[in-house]
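Protein chains: 2
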Amino acid sequence: MTVEIFPISNFPLVRRGDNIIKLIVNSLEKSKLVLKNGDIAVITEKIVAKAEGRVYTLSNIKPGSKALKIAEITDKEPRLVELILRETENILYLGEGFLLVNTNQGFVCANAGVDMSNVGENRAKLLPENPDRSAEQIRKALEDMFKIRMGVIIADSFGRSFRAGSVGVAIGCSGVEALQDRRGERDLFGEELKVTRVAMADNIASMANAVMGEGSEGIAAVVIRGLDVLGEGSAGDLKRDIEKDVAFKCLKERYNYKNREV
Amino acid sequence: MTVEIFPISNFPLVRRGDNIIKLIVNSLEKSKLVLKNGDIAVITEKIVAKAEGRVYTLSNIKPGSKALKIAEITDKEPRLVELILRETENILYLGEGFLLVNTNQGFVCANAGVDMSNVGENRAKLLPENPDRSAEQIRKALEDMFKIRMGVIIADSFGRSFRAGSVGVAIGCSGVEALQDRRGERDLFGEELKVTRVAMADNIASMANAVMGEGSEGIAAVVIRGLDVLGEGSAGDLKRDIEKDVAFKCLKERYNYKNREV
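In order, the protein sequences belong to chains A and B. Counting in this note's numbering, the first sequence runs from 1 upward without gaps. Counting in this note's numbering, the second sequence runs from 1 upward without gaps.
Derived from the structure by calculation, the hints contain no laboratory data. Hints may contain errors.
[To be verified] Chain B regions said to be covered by chain A (calculated; three or more residues, Cβ under 8 Å):
#1 119-125
#2 136-144
[Unchecked claim] Restricting the straight-line Cα-Cα distance to at most 20 Å, the calculated cross-link-like pairs of lysine to any residue (SDA-like) are:
#3 B:Lys239 x A:Phe158
#4 A:Lys32 x A:Arg225
#5 B:Lys244 x A:Leu94
#6 B:Lys249 x A:Thr74
#7 A:Lys69 x A:Tyr255
#8 B:Lys76 x A:Val246
#9 B:Lys62 x B:Thr74
#10 B:Lys62 x B:Glu77
#11 A:Lys76 x A:Arg123
#12 A:Lys244 x B:Lys249
#13 A:Lys244 x B:Ile73
#14 B:Lys244 x A:Tyr93
#15 B:Lys244 x A:Arg254
#16 A:Lys76 x B:Glu191
#17 B:Lys76 x A:Glu192
#18 A:Lys244 x B:Val246
#19 B:Lys69 x B:Glu87
#20 B:Lys249 x A:Tyr93
#21 A:Lys239 x B:Gly159
#22 A:Lys244 x B:Ala164
For each residue, glycine too, the CB sits at the ideal point set by N, CA and C.
Make the full structure from the sequences, and use the hints.
In structure tokens form, the structure reads like this:
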């Protein structure tokens, strides 16, 4: 019944066009780790995005007039704002040093996940374009190679409302029951459960985040063994019907950046 | 470098006045688990709250006029609303079936964490009154008994803004660097980190939540071994300066339940 988490710490620096599956398999071999049935590989979005060519040199980006305005409001680099806007479906809030947005992929996060760390000077990295698709591709390739059934989660860390600090979140997921629906299940006394939907993929991404760190540790993936959570599911299941989200609605109606000049 | 999570699954039903430390030690013994230096015990708030006598029989509760009004708006049982209001510092939002509140302890969550599952019919359970203090008492007792240094986290699961489902959160913490401050640290290229504050205690609570489940499994605690996160810290560190939280401010200013008749 013990759950084990194996850090995969020997990834090379990843570049555009690298075969992410080969890199993962090489690193597993160096770690002498053989994947088993039921394992979950949690991979930082950083290496997926880099391999997919989502890194841009800022000096090549030309900020538009909206980016220039928002750069002034937020006191951010206009080229960086331009990249953030390209990734943005809705702006929810503009603050000092950050934009809170709903991304094209449907994630509510700061700066659309555009990130200047771990990519080198004067460069910025966007989130993978379709992390659920990336997770599925990686899962299928690893399943074929190891002749097993497994799950793959692509993880980032997001800040959140109401609590300090960032936690791990699943932005891509395949082969894992991402959102467990426990409606109708009963507690120890036979009563209905309070919590009926568990964001299992986010719990697992947080688990990995606790082990991976954010900085120069270079732990780009972990393998989790002993959790019984394989099933159908994608990170898309964790996107809320945002029109029903009270904080989202409140911010959207209050600031309404979409329908007016910023 | 492997991290291990040991579920402690043989807890008895906990009652008011039970010695929670004895129960933990008994369950560890039955699991043949000896605590080691650096371990973290994550304990569900349910058993802590029960031992502390935070369970109420609803038929003994007399709802006040405010509770009656809010019960009508939210379509909830008036006695349950009365208990929720006693635990509430600010109401942020009233919706169908729930109140989003800031609790007396400073947590933003649905229904002030008041919960009717796993306590028996016609009864409701509040959160521990001071979970950081409870975590510290448990940590000190276990440290003395096992002659080690360790961490203790008291975990609940909360829904959150912008994403579906609930995740584990640390509502009490002792002996763990709950909020890691990484400002000034550098990435693989020597650049500053994007994410500078990691909610490590919440990541660990989510880790435990993935293993514990919510229902009749009866896993009331886990022991995590191999994470290097001992230090000073409390769950209080994870409370945000809420006046700086954009969603909190927006909801408070919009609905302003405090300063008007509900």
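Which earlier hints turn out false for this structure, listed by number in ascending order?
2
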